[in-house]
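Each protein sequence line maps, in turn, to chains A and B.
For the first sequence, counting from 1, position 98 maps to 98 in the numbering used here; every step adds exactly one.
Just remember that the numbering used here sits 113 ahead of the position in the second sequence, which is counted from 1.
In case anyone wonders, no lab produced these hints; they're calculated from the structure.
Please note: incorrect hints may appear among the correct ones.
As the list claims (entries may be wrong) - Selected chain A positions facing chain B (in silico; Cβ < 8 Å):
#1 W7
#2 T10
#3 P14
#4 E26
#5 G27
#6 N32
#7 A40
#8 I53
#9 I56
#10 T101
#11 F104
#12 G105
All residues carry an ideal CB built from backbone N, CA and C; glycine is no exception.
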Amino acid sequence: SQTIHQWPATLVQPVGSPLSLECTVEGTSNPNLYWYRQAAGRGLQLLFYSVGIGQISSEVPQNLSASRPQDRQFILSSKKLLLSDSGFYLCAWSVSGAGETQYFGPGTRLLVL
Amino acid sequence: GENVEQHPSTLSVQEGDSAVIKCTYSDSASNYFPWYKQELGKRPQLIIDIRSNVGEKKDQRIAVTLNKTAKHFSLHITETQPEDSAVYFCAASKGGGATNKLIFGTGTLLAVQP
Numbered sequence: 001s002q003t004i005h006q007w008p009a010t011l012v013q014p015v016g017s018p019l020s021l022e023c024t025v026e027g028t029s030n031p032n033l034y035w036y037r038q039a040a041g042r043g044l045q046l047l048f049y050s051v052g053i054g055q056i057s058s059e060v061p062q063n064l065s066a067s068r069p070q071d072r073q074f075i076l077s078s079k080k081l082l083l084s085d086s087g088f089y090l091c092a093w094s095v096s097g098a099g100e101t102q103y104f105g106p107g108t109r110l111l112v113l
Numbered sequence: 114g115e116n117v118e119q120h121p122s123t124l125s126v127q128e129g130d131s132a133v134i135k136c137t138y139s140d141s142a143s144n145y146f147p148w149y150k151q152e153l154g155k156r157p158q159l160i161i162d163i164r165s166n167v168g169e170k171k172d173q174r175i176a177v178t179l180n181k182t183a184k185h186f187s188l189h190i191t192e193t194q195p196e197d198s199a200v201y202f203c204a205a206s207k208g209g210g211a212t213n214k215l216i217f218g219t220g221t222l223l224a225v226q227p
């Protein structure tokens with residue numbers, strides 16, 4: 001069966017510091033991968049998605065970036081965090097193709113102070 | 114692009130009553146409609162989904178209906194229990210591409226009062 005991991009689970013970082021969040025998927029090949037952000041009490045905002053190694057599409061302009069160095073690894077990064085970057089970051093995967101279910105990872109709770 | 118509206122934003126029901134959450138979408142090409150349940154501090158989890166070639170789908174106390182003509186779909190929960198309390202998100206996705214982007218509604222906070 002497929003499993004999706006995210007780490008760290010929680011993170012407290014000062015404003016201006018760098019960020020690296022990691023997501024890995026097991027038990028499947030060539031998945032579509034997604035990064036979402038959820039502010040407290042709010043909906044799910046799609047940040048990036050990837051259909052293959054090195055292929056990243058950005059949904060919203062921001063100071064975050066994403067990379068996919070391996071088939072089942074998805075990384076979310078920032079060079080300098082802003083207060084507004086605080087939130088719950090969720091990685092998700094789906095089988096490649098349209099109309100496929102997305103499955104979410106456990107999430108990383110980021111607090112920027 | 115696709116836009117998904119979800120109502121109500123909050124819903125309070127008595128245990129045992131039914132709950133209905135409604136979503137409308139704008140892109141007639143959308144053909145996949147999942148519903149996710151998110152408990153406080155947890156990840157969203159798929160509870161039921163429906164594809165455009167089906168009008169209704171049921172799984173125990175949960176059902177989803179789809180009206181393609183009107184471009185709306187609804188989640189029905191019968192005999193609600195306190196453990197049904199959570200935020201529920203609807204979403205829509207359209208075929209014809211490899212990306213499978215889901216457009217989410219803004220969520221409904223369901224509170225089931227014991």
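Worksheet item: Measuring from the C-beta of N32(A) to each C-beta in chain B, is the shortest one below 8 Å?
Response: Where the cut-off is 8 Å and the nearest Cβ of chain B is about 6 Å from N32(A), the hint holds.
Fill in: Hinted contact G27(A) with chain B - closest CB pair below 8 Å
Not OK, violated: G27(A) not within 8 Å of chain B, min 17 Å.
Fill in: T101(A) as an interface hint toward chain B, with CB separation required under 8 Å
Because about 6 Å separates T101(A) from the closest Cβ in chain B, which is inside the 8 Å limit, the hint holds.
Worksheet item: Would the stated hint for F104(A) survive a check requiring a Cβ distance to chain B of less than 8 Å?
Response: holds, 4 Å
Discussion item. Please check whether G105(A) passes as an interface residue: C-beta within 8 Å of a C-beta belonging to chain B.
Written reply: This hint holds: G105(A) lies near chain B, its Cβ roughly 6 Å from the closest one there, short of 8 Å.
Worksheet entry | Interface hint compliance - W7(A) to chain B, C-beta minimum distance less than 8 Å | violated, 14 Å
Fill in: Given hint I53(A) near chain B, where the shortest CB pair must fall under 8 Å
Violated: closest Cβ of chain B sits about 14 Å from I53(A), beyond 8 Å.
Worksheet item: Does A40(A) pass the interface check with chain B, least Cβ-Cβ distance below 8 Å?
Response: Violated: closest Cβ of chain B sits about 11 Å from A40(A), beyond 8 Å.
Item to complete: Against chain B, run the beta carbon of T10(A) and see if the smallest gap drops under 8 Å.
Response: It is violated, given that the least Cβ distance between T10(A) and chain B is near 11 Å, above 8 Å.
Practice prompt. Against chain B, run the beta carbon of P14(A) and see if the smallest gap drops under 8 Å.
Written response: violated, 24 Å
Worksheet item: Given I56(A) as an interface hint, is the shortest Cβ-Cβ distance to chain B below 8 Å?
Response: Where the cut-off is 8 Å and the nearest Cβ of chain B is about 12 Å from I56(A), the hint is violated.
Practice prompt. Go through the hint on E26(A) and say holds or violated, using the shortest Cβ distance to chain B against 8 Å.
Written response: violated, 16 Å
Checked against the numbered hints above, the structure breaks hints 1, 2, 3, 4, 5, 7, 8 and 9 and satisfies the rest.
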